[in-house]
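Chain residues, written in single-letter form:
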Amino acid sequence: MAATARKTTGTRSKSAGRSRSSASKSKAAPSIADFSKEEELEAYREMLLIRRFEEKAGQLYGMGLIGGFCHLYIGQEAVVIGMQLAKKDGDQMITGYRDHGHMLAMGLDPKGVMAELTGRRGGLSKGKGGSMHMFSKEKDFYGGHGIVGAQVSLGTGLAFANRYREDGRVSMTFFGDGATNQGQVYESFNMAQLWKLPVVFVIENNKYGMGTSVERASATTDLSHRGASFGIPGEQVDGMDVRAVKAASEKALEHCRSGKGPYILEMITYRYRGHSMSDPAKYRSKDEVQKMRTERDPIEQVRNRLIEKKWASEDELKEIDKKVREVVNEAAEFAQNDPEPDPSELYTDILL
Amino acid sequence: MPIEILMPALSPTMEEGKLAKWVKSEGDSVTAGDVIAEIETDKATMEVEAVDEGTLGKILVAEGTDNVKVNTPIAMLLADGEDASALEGAAAKAEAPAAPEPTEAPAPSAAPAPAAPVASKPAADPDIPAGTSMVSTTVREALRDAMAEEMRRDENVYLMGEEVAEYQGAYKISQGLLEEFGPKRVVDTPITEHGFTGLAVGAAMAGLRPIVEFMTFNFAMQAIDQIINSAAKTLYMSGGQMGAPMVFRGANGAAARVGAQHSQDYAAWYAHVPGLKVVQPYSAADAKGLLKAAIRDPNPVIFLENEILYGHSFEVPDMEDFVLPIGKAKIEREGSDVTIVSWGIGMTYAVKAADELAGMGISAEIVNMRSIRPLDIDTVIESVKKTGRLVTVEEAFPVCSVSSEIGFQVQERAFDWLDAPVLRVTGKDVPMPYAANLEKLALPNVGEVIDAVKAVTYTS
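So the protein lines, in turn, are chains A and B.
In terms of full-length UniProt numbering, the first sequence is residues 1 to 352.
In terms of full-length UniProt numbering, the second sequence is residues 1 to 460.
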């Protein structure tokens, strides 16, 4: 059984590499426009920031400075950065608990995010939210939610408010493959299409809902079809290629903005680390992970193109890495030295 | 023998209705299934179909008659071969009819104490200026008026729920709102509580002011994760950056004969949760003033209504903007011998009990809590310091009830003033039964309140 499972997942990991072409069998192949030099460099920098930030978070967790649950985004960076490159000002983002990357993509201060992870007063939620619960009205980031699937209804509600105000915004509602089996997701799909709400449902399919592979949890595994019975268009996207993500996101956002209702993007992606820091990830082989890292890594893909096109030298890329590390180290420094919340904060922010 | 046609009950809580129109006239022949009359309940106009064949011999209740009790004979049907002469004896019998036994609670078990009656007069509401003229209003109308006024006041307020728009509300609370505010602001949802509740919380986080109507709060259990984990906790989890300014409202508690899954009081469930406010109005004035406050409140407010109270009329002040403070109890009646604390429909038992107790010479002070969270325990403590005795009354289950909490806080803060243990009169610790007699036993009644008061006042 275990052998079979490995075989299956081995096949799946290959299929992620092929996902663009396999999706194209049934649909028109999304044309992937090449990035300009500036776009490549921006994507590289932003994805690297998430990568280094998460590596540091993992390190601080190991040192006991971060407690509780901590879900790292390493491997999935292209999804949120591709989406961020496609969005317009005012578009909102909401996600589950694997949210650090989303916050950094939405422009939240890495210091505030890291200090929240360590539970300090300078954290984005004053230390009262933790890794899974951060928000920023200013940056249109709506959390940070710990109940699998709950953010899908909430994100649909953001879209309801957008339509109510006719302000042209789109809600980018992220959830994982695991959440696609929650009932309220379909309740939300129904209302979103019924009322033509401007919401892009972004399914981050990293192949495992905690330790259970999509194949073992889902009767049908092409999750982009999950809106079919409501007439919501959907497509699979190579979530390891930031260019593919951006192209698909632009199309989906435009669909929503033009009043045609919701759109589903299934981002085929992969998380390198366990579900959370306490997950040894024994449900998949080391080979599977290694193969992903070496063949499909979203940051390496951009890096290789930059070098190939001679848009950046090794030294220049090292310099970017160095600057990113500085930002992350500064955040980590702040997060360790910032004091814990004042005890009086226990009783604040319960009611207005 | 002519057949009596009786006023039908057309909803679980209907006790009387208006005979709006006779579709058939005397002398018309009627076959089973023919519509013979139209009856207006407080919720809807319904057609009454004949069940038997014959000729409509005599109409006993003229069209346009209000308040016709259920089971009153409204017409006589002649069977084949009978003529009008058959009506004479029967009609005479029918004219002394028989509205059904009112569903009053049983009389108190003990005979009234031979004491002089004491005064027990309704206390003035400090939130209503003296001299304000009052208008008799049903709770149903008061709730509608509150929503309409607040929707006029704030463009961000909207109503969503099942059957709230085109159907005009399953319990006719939202009557006329669609017409005035249009489908953008009065939104019919699919039957999808979990989904539309989450959606509304999201809309509130984005700055709208949703009013979510649950047809009844029983169905809100489908959505309780979104109410508690998303609506109640977000302000705290975000360090005060965003919350969910919204109202969850609808019928709560037992209606009549609707069985275990449709008869439950959720006050204690929601009152348990920091980040929520919980309101449970009794009168139409409570309903109006508190709902307006709830809609304006920047926090999520659980607003627990009661289907049986919807049709009850109360005096509501004729004020341009009547808003009551959430978290403040009202001394509904002043008294000196015992404090009876209640809220919502529990108040109906408390008020009737206080009337009877007055006849026995026991002066009861009634505290109408109005809000469950924040709980105005100060007002209860003040009253207990005066009377030394406390009885709480509610329809919910007894274990971990709001009564439990009040009793606890009173012993904590007024132990030395208590002259007797605190007693509670609650629904029984059983799922709500369907059978009429068992349901009656499961709910509290006036007799139990009187017995409890006698016990704490050591009156035999």
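Honestly, the hints are just simulated from the structure, not real lab data.
Computed from a prediction, not measured in an experiment: that's the story for all the values here.
Where a beta carbon is used, it is the ideal one built from N, C-alpha and C, also for glycine.
It cannot be assumed that every hint is accurate.
To be verified - To spell it out: a stretch of chain A is covered by chain B in this simulated footprint if at least three of its residues, at any positions, have a beta carbon under 8 Å from a beta carbon of chain B; those stretches are: (1) 59 to 69; (2) 137 to 148; (3) 161 to 168; (4) 264 to 278.
To be verified - One side of the interface only, derived from the structure: several residues of chain B facing chain A at Cβ under 10 Å: (5) T192; (6) G202; (7) A223; (8) A442.
Said to hold, decoys possible - Taking lysine-lysine pairs in the DSSO-like style, the calculated list, with each CA pair at most 30 Å apart, reads: (9) B/K184 x A/K137; (10) A/K251 x B/K352; (11) B/K428 x B/K440; (12) A/K56 x A/K322; (13) B/K454 x B/K440; (14) A/K260 x A/K309; (15) A/K139 x A/K291; (16) A/K251 x A/K139; (17) B/K21 x B/K58; (18) A/K88 x A/K286; (19) A/K260 x A/K56; (20) B/K58 x A/K196; (21) A/K251 x A/K318; (22) B/K184 x A/K260; (23) B/K184 x A/K196; (24) A/K318 x A/K286; (25) A/K88 x B/K184; (26) A/K323 x A/K56; (27) B/K454 x B/K386; (28) A/K196 x A/K137; (29) B/K454 x A/K139.
Status of the hints after comparison with the structure:
1. 59 to 69: Violated: only 0 residues of the stretch 59 to 69 of chain A have a Cβ under 8 Å from chain B.
2. 137 to 148: Three-residue rule met by the stretch 137 to 148 of chain A, so holds; n is 7.
3. 161 to 168: holds (count 3)
4. 264 to 278: Since 0 is below three, the answer is violated.
5. T192: 4 Å, holds
6. G202: 2 Å, holds
7. A223: 9 Å, holds
8. A442: It is violated, given that the least Cβ distance between B/A442 and chain A is near 32 Å, above 10 Å.
9. B/K184 x A/K137: Measuring from Cα to Cα gives roughly 24 Å; hence the hint holds.
10. A/K251 x B/K352: 66 Å, violated
11. B/K428 x B/K440: Roughly 10 Å between the alpha carbons, so the hint for B/K428 and B/K440 holds.
12. A/K56 x A/K322: 14 Å, holds
13. B/K454 x B/K440: 22 Å, holds
14. A/K260 x A/K309: 39 Å, violated
15. A/K139 x A/K291: 36 Å, violated
16. A/K251 x A/K139: 23 Å, holds
17. B/K21 x B/K58: The hint holds at about 15 Å.
18. A/K88 x A/K286: 39 Å, violated
19. A/K260 x A/K56: 42 Å, violated
20. B/K58 x A/K196: 57 Å, violated
21. A/K251 x A/K318: With Cα atoms ~34 Å apart, A/K251 and A/K318 exceed 30 Å; violated.
22. B/K184 x A/K260: Holds - the C-alpha atoms of A/K260 and B/K184 are around 17 Å apart, at most 30 Å.
23. B/K184 x A/K196: 13 Å, holds
24. A/K318 x A/K286: OK: A/K318 and A/K286 at ~28 Å, within 30 Å.
25. A/K88 x B/K184: 26 Å, holds
26. A/K323 x A/K56: 14 Å, holds
27. B/K454 x B/K386: 17 Å, holds
28. A/K196 x A/K137: 24 Å, holds
29. B/K454 x A/K139: 62 Å, violated
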